[in-house]
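Colleague: One letter stands for each residue in the lines below.
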Amino acid sequence: MKAKAQAKKVILYIAMLAICVITVGPFLYTLFISLKPATQGIYDGLLPTRPTFANFSDAFYKTDFVRYLLNTAIVTGIAVPFNLLFSSMAGYALARINFKGRSIVLTLIISTMTVPFQLYMAPLFQIAGELGLRNSYVGLAVLQISTAFGIYFMRQAFLTVPKELEESAYLDGANRFQVWWKVAMPLVKPTLISLAIYTFTFTWGDYLWPLLNTTESSMYTLSIALAQMSQNFDGGNLKLISAASILTTIPSLLIFIWLQKYFISGQTDGAVKG
Amino acid sequence: MSRRPFSKKSLTTAIIPWLFLLPSIVILVTFLVIPIMEAFYWSFLDYKIIADTSEFVGFANFKEIFSDEMFWKAFVNTILYVAIVLPLNIFLPMILAVLVNQKIRAVGAFRVLYYLPVVTPIVVAALMWKMLYSQNGTVSNILETLGIIDSSMNFLTNTTTALIAVAFITVWKGLGYYMIMYLANLQSIPNQVYESASIDGANSMQKFFKITVPMMVPSMTLVSVLTIINGLKVFEEIALTTNGGPAGATTTLVMYIYDKFMNLDVSIASAAGLVLLVLAVIGSLIQMKLTSGREDDLKA
Chain Y
-5 MKAKAQAKKV ILYIAMLAIC VITVGPFLYT LFISLKPATQ GIYDGLLPTR
45 PTFANFSDAF YKTDFVRYLL NTAIVTGIAV PFNLLFSSMA GYALARINFK
95 GRSIVLTLII STMTVPFQLY MAPLFQIAGE LGLRNSYVGL AVLQISTAFG
145 IYFMRQAFLT VPKELEESAY LDGANRFQVW WKVAMPLVKP TLISLAIYTF
195 TFTWGDYLWP LLNTTESSMY TLSIALAQMS QNFDGGNLKL ISAASILTTI
245 PSLLIFIWLQ KYFISGQTDG AVKG
Chain U
7 MSRRPFSKKS LTTAIIPWLF LLPSIVILVT FLVIPIMEAF YWSFLDYKII
57 ADTSEFVGFA NFKEIFSDEM FWKAFVNTIL YVAIVLPLNI FLPMILAVLV
107 NQKIRAVGAF RVLYYLPVVT PIVVAALMWK MLYSQNGTVS NILETLGIID
157 SSMNFLTNTT TALIAVAFIT VWKGLGYYMI MYLANLQSIP NQVYESASID
207 GANSMQKFFK ITVPMMVPSM TLVSVLTIIN GLKVFEEIAL TTNGGPAGAT
257 TTLVMYIYDK FMNLDVSIAS AAGLVLLVLA VIGSLIQMKL TSGREDDLKA
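Chains Y and U are the protein sequences, given in the same order.
So the first sequence is numbered by the numbering used here: it starts at -5 and just counts up by one.
So the second sequence is numbered by the numbering used here: it starts at 7 and just counts up by one.
Honestly, the hints are just simulated from the structure, not real lab data.
Since we're looking at a predicted model, the values are computed, not measured.
Just so you know, not all the hints are guaranteed correct.
[What the hints assert, rightly or not] Quick list of in silico lysine-lysine cross-link-like pairs, DSBU-like style, CA-CA up to 35 Å:
hint, chain 1, residue 1, chain 2, residue 2
1, Y, 3, U, 216
2, U, 295, U, 69
3, Y, 176, Y, 255
4, U, 54, U, 69
5, U, 295, Y, 94
6, Y, 183, Y, 255
7, U, 109, Y, 3
8, Y, 2, Y, 255
9, Y, 183, Y, 94
10, Y, 255, Y, 3
11, U, 109, Y, -4
12, U, 213, Y, 3
13, U, 295, Y, 157
14, U, 213, U, 295
15, U, 213, Y, -4
16, U, 213, Y, 2
17, U, 216, Y, -2
18, Y, 255, Y, 157
19, U, 54, U, 79
20, Y, 255, U, 213
21, Y, 2, U, 216
22, Y, 255, Y, -4
23, U, 109, Y, 183
24, U, 79, U, 69
25, Y, -2, U, 213
26, Y, -4, U, 216
27, Y, -2, U, 109
28, Y, 157, Y, 183
29, U, 109, Y, 2
30, Y, -2, Y, 255
31, Y, 255, U, 216
32, Y, 94, Y, 157
33, U, 109, Y, 255
All chains, please: the whole structure from these sequences, using the hints.
Modeller: Structure follows, in structure tokens:
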């Protein structure tokens, strides 16, 4: 019986490792290409013969990488805190306060989630231009500083906060805003962190909106710059592109690894129930 | 609590929820609701965006796209693409979730490794897979070794494989995302259900198909709806690998809309966008109807 359980465990680990090859394999493949020296062909063997960081330093110094990195960081730095703040404010009202029009607002917000971005990108492009948001950080972040998804996600979390906790705060003389900020917000921390990861990874990697809203290369985000770089894909710059790809992914990855503990439990709270 | 209609107190109480909502409403109305309404409006206009002149043309834009061969090709490709992604998205992440829900060592590390593609910027994912799919690339080498293909090939420039190849990029990138949804659902299944099945002599396979799968219906519905909504708007995976080619084999509705937009045919683009919206709504409704029926069966 024990041997059978042991064998089952081994099979389980083999299956799980095999899946890792699929999910992580492409990264390793790209990493290996980025480490290949100039003398080795891109598809010439899987591993680099003499690993070199030359491609990374080229990506860093021979392109405007630092500029693009900074642009992406600023846009993401605007999007994440504002989305957390505004979405949790709206989500709280929709979860906890009874008022006329609440269900209409909620229905409207949920139904906008079905609407494909490509339907309204042309009018949006025009509006952003009229408001002077073209080639600006705020213009790039504007779709993420409050999102329908964020509001819905936060609302679901606030629904699980016990009402009794809030009521005792009211008895102590707190007002709505104090109760929201001091009582409810700390209790939905895992959900806030999940939303932070979502907003971070989405804004960091967003492609279509920055592509439309930036016409000057000095405002490019990493994704746009990377896509531009890869225009002549079959040229000799694949190692450079691979190195830049790895560098672009690292911040997203670090944030995720840092916060993943909260993330997985936060998701368990909000994703399926309700 | 009694309410006097115009007292100062009740007025403040009435205003408070709107204060909470104000920032979000301002942003969503300006950058979401107004653009959506404009897109509806533009689809009935012949709108010249540069000259800023417009003329009401009724359904002429829709007539034009419905008689455009390329539109129908894009329409069919979009449906095909969703049809490839949907079953894979429903079942593969579920298997992953069951695996990482085991109480064994290092399971947390596996969850992180499976989630990795989700946090990868889509441009990076597209570029990586473009290399993997290329002539003499890894995918070709593996399939050749296994004897599935005769000689090395580029999967993105072949009309039969291109759409499947880009669909796989989408599936790869979404595995971890949907896995987490299934995981949440799995963890809500009470352990007693499995224990009593074990007492009745059920093996792991029977438990998976007779208990796990039916109990996962709520998250299957969610995953299906999200797959349809997200699948219909697939863009980067295609724009950055095949750009709609070869010979229109991967031109989806969004690629069609994007092309029209780039040619400043914004009215045509809006009309095609509305078709996309209708598909998204229909897809979600059908899926919800189908699965809600099954949920009722379970309760009975």
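Colleague: State for each hint whether it applies.
Modeller: Going down the list of hints, with the structure as the test:
This hinted pair checks out: residue 3 (chain Y) and residue 216 (chain U) have alpha carbons roughly 22 Å apart, not beyond 35 Å. Among the hinted pairs, residue 295 (chain U) with residue 69 (chain U) is consistent with the structure: their alpha-carbon atoms are about 31 Å apart, no more than 35 Å. With a CA separation close to 23 Å, the supplied pair residue 176 (chain Y) and residue 255 (chain Y) stays within the 35 Å bound. Our distance criterion of 35 Å between C-alpha atoms is met by residue 54 (chain U) and residue 69 (chain U), whose separation comes to about 18 Å.
Of the pairs offered as hints, the one joining residue 295 (chain U) and residue 94 (chain Y) holds, with about 30 Å between alpha carbons and a cut-off of 35 Å not exceeded. About 12 Å separates the Cα atoms of residue 183 (chain Y) and residue 255 (chain Y), which keeps this hinted pair within 35 Å; it holds. Distance check on the hinted pair: residue 109 (chain U) and residue 3 (chain Y) sit about 10 Å apart at the alpha-carbon level, within 35 Å; holds. Note on residue 2 (chain Y) and residue 255 (chain Y): the hinted pairing holds, with a Cα-Cα distance of about 27 Å set against a maximum of 35 Å.
Distance check on the hinted pair: residue 183 (chain Y) and residue 94 (chain Y) sit about 29 Å apart at the alpha-carbon level, within 35 Å; holds. Distance check on the hinted pair: residue 255 (chain Y) and residue 3 (chain Y) sit about 24 Å apart at the alpha-carbon level, within 35 Å; holds. Straight-line distance between C-alpha atoms of residue 109 (chain U) and residue -4 (chain Y) comes to about 16 Å, which keeps the hinted pair within the 35 Å bound. Taking the CA atoms of residue 213 (chain U) and residue 3 (chain Y), the gap is near 18 Å; set against the 35 Å cutoff, the hint holds.
Between the alpha carbons of residue 295 (chain U) and residue 157 (chain Y) the distance comes to roughly 33 Å, so the proposed pair stays at or under 35 Å and holds. For the hint linking residue 213 (chain U) to residue 295 (chain U), the alpha-carbon distance of about 26 Å falls within 35 Å, and the restraint holds. Between residue 213 (chain U) and residue -4 (chain Y) the CA atoms are separated by roughly 21 Å; this keeps the pair inside 35 Å, and the hint holds. Distance hint between residue 213 (chain U) and residue 2 (chain Y) is fulfilled; the C-alpha atoms sit about 16 Å from each other, no more than 35 Å.
Proposed proximity of residue 216 (chain U) and residue -2 (chain Y) is supported: the alpha carbons are some 23 Å apart, at most 35 Å. Proximity of residue 255 (chain Y) to residue 157 (chain Y) is assessed by CA-CA distance (about 27 Å); at most 35 Å being required, the pair is judged to hold. Using a Cα cut-off of 35 Å, the hinted pair residue 54 (chain U) and residue 79 (chain U) holds, with the two alpha carbons roughly 26 Å apart. For the hint pairing residue 255 (chain Y) with residue 213 (chain U), the CA-to-CA distance comes to about 29 Å; that is within 35 Å, so the pair holds.
For a cut-off of 35 Å, the pair hint linking residue 2 (chain Y) to residue 216 (chain U) stands: about 21 Å separates their Cα positions. With a C-alpha separation of about 32 Å, the suggested pair residue 255 (chain Y) and residue -4 (chain Y) falls inside the 35 Å cut-off, and the hint holds. Our distance criterion of 35 Å between C-alpha atoms is met by residue 109 (chain U) and residue 183 (chain Y), whose separation comes to about 26 Å. Between residue 79 (chain U) and residue 69 (chain U) the alpha-carbon distance is near 16 Å, which keeps this suggested pair within the 35 Å criterion.
Note on residue -2 (chain Y) and residue 213 (chain U): the hinted pairing holds, with a Cα-Cα distance of about 18 Å set against a maximum of 35 Å. Under the criterion of a C-alpha separation no larger than 35 Å, the hint pairing residue -4 (chain Y) with residue 216 (chain U) is consistent with the structure, at around 26 Å. Restraint check for residue -2 (chain Y) and residue 109 (chain U): satisfied, since their Cα atoms lie roughly 16 Å apart, inside the 35 Å limit. For the hint linking residue 157 (chain Y) to residue 183 (chain Y), the alpha-carbon distance of about 17 Å falls within 35 Å, and the restraint holds.
Of the supplied pair hints, the one linking residue 109 (chain U) and residue 2 (chain Y) holds, its CA atoms being roughly 13 Å apart against a limit of 35 Å. Distance check on the hinted pair: residue -2 (chain Y) and residue 255 (chain Y) sit about 32 Å apart at the alpha-carbon level, within 35 Å; holds. As the CA atoms of residue 255 (chain Y) and residue 216 (chain U) are separated by approximately 31 Å, the hinted pair is consistent with the 35 Å bound. Taking the CA atoms of residue 94 (chain Y) and residue 157 (chain Y), the gap is near 20 Å; set against the 35 Å cutoff, the hint holds.
Between the alpha carbons of residue 109 (chain U) and residue 255 (chain Y) the distance comes to roughly 17 Å, so the proposed pair stays at or under 35 Å and holds.
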